[in-house]
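Using my numbering, read the sequence shown as starting at 1 and increasing by one per residue.
These aren't lab readings, by the way, just hints derived from the structure by calculation.
For each residue, glycine too, the CB sits at the ideal point set by N, CA and C.
Please note that a few of the clues may not be correct.
As the list claims (entries may be wrong) - The calculated DMTMM-like cross-link candidates involving lysine to aspartate or glutamate, where the alpha carbons are at most 25 Å apart (straight line), are:
no., residue 1, residue 2
1, Lys125, Asp61
2, Lys117, Glu78
3, Lys51, Asp61
4, Lys117, Glu81
5, Lys117, Asp65
6, Lys117, Glu30
7, Lys19, Asp38
8, Lys117, Glu60
9, Lys117, Glu136
10, Lys89, Glu99
11, Lys117, Asp55
12, Lys117, Asp64
13, Lys125, Glu60
14, Lys125, Glu81
To be verified - Label-pair restraints from in silico Cβ distances:
no., residue 1, residue 2, range
15, Asp46, Ile6, 18 to 28 Å
16, Thr2, Glu60, 17 to 27 Å
17, Thr2, Gly76, 15 to 25 Å
18, Leu57, Glu78, 25 to 35 Å
19, Leu85, Thr36, 19 to 29 Å
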Amino acid sequence: MTVQTIAIQMSPPLYRRLKRLAELTRRPLENVVVQTLDSNVPPLPDDLPAKMRGDLLALEDLNDDALGQVARSTVGPEQQEQISLLLEKNRLGTITESERVTLAQLRQEADQLMLRKAYAYVLLKWRGYRLPTLAELQAQA
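Required output: the full structure, derived from the provided sequences and hints.
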């Protein structure tokens, strides 16, 4: 693994916090800085399968308003109702093979929507926006 070195400037209070954390954990300051960055920088779509990657990379070109719309998007009521019906049939053991395929497809679409929403929120956060709290998200539903 190739290691890259960069020089950064930081405020004295941040430096003191990182240095103190390094002392508390008995680790080199460089390790604490790298761990802090690694745990706070979100994963990017680059390592995802091509089908998922392209959809997420397209979000990066959206303006903030459009990203907000993606982040707040939901599965439509008809699709929610269809998923609920198929899940109930599955639970009861009365689902047909065709319905099972449809349910799998609907689940995949819902999963993709959730991934898009999550990445839209990541991009908004890194662009300086405050993310909604769980209570605020639940109130939107």
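- Decide if the proposed pair is consistent with the structure: Lys117 and Glu60, CA atoms, cutoff 25 Å inclusive. Roughly 12 Å separates the two Cα atoms, so the pair holds.
- Does 17 to 27 Å hold as the CB distance between Thr2 and Glu60, or does it fail? This hint holds: roughly 26 Å between Cβ atoms.
- Message: So if I understand the rule, the pair passes when the alpha-carbon distance is 25 Å or less; does Lys117 with Asp64 pass?
- Response: 13 Å, holds
- Message: Checking one constraint from the list: CA of Lys125 to CA of Glu60, max 25 Å. Satisfied?
- Response: 13 Å, holds
- Range hint 19 to 29 Å: satisfied by the CB atoms of Leu85 and Thr36? 47 Å, violated
- Item | Agreement of Lys89 and Glu99 with the hint, judged by alpha carbon distance not exceeding 25 Å | 9 Å, holds
- Message: Verify the CB-CB distance for Thr2 and Gly76 against the hinted window 15 to 25 Å.
- Response: With a Cβ separation near 47 Å, Thr2 and Gly76 fall outside 15 to 25 Å, so the hint is violated.
- Message: Run the distance test for Lys117 versus Asp65: straight-line Cα separation, threshold 25 Å.
- Response: 13 Å, holds
- Would you check the hint for Lys117 and Glu78, treating anything up to 25 Å between C-alpha atoms as holding? Answer holds: Lys117 to Glu78 is near 20 Å, not above 25 Å.
- Proposed proximity, Asp61 with Lys51 (alpha carbon, max 25 Å): 17 Å, holds
- Query: Taking only the CA atoms, is the gap from Lys117 to Glu136 under or equal to 25 Å?
  - Reply: 15 Å, holds
- Agreement of Lys117 and Glu81 with the hint, judged by alpha carbon distance not exceeding 25 Å: Measuring from Cα to Cα gives roughly 21 Å; hence the hint holds.
In terms of the numbered hints stated before, the structure departs from hints 6, 14, 17 and 19, listed from lowest to highest.
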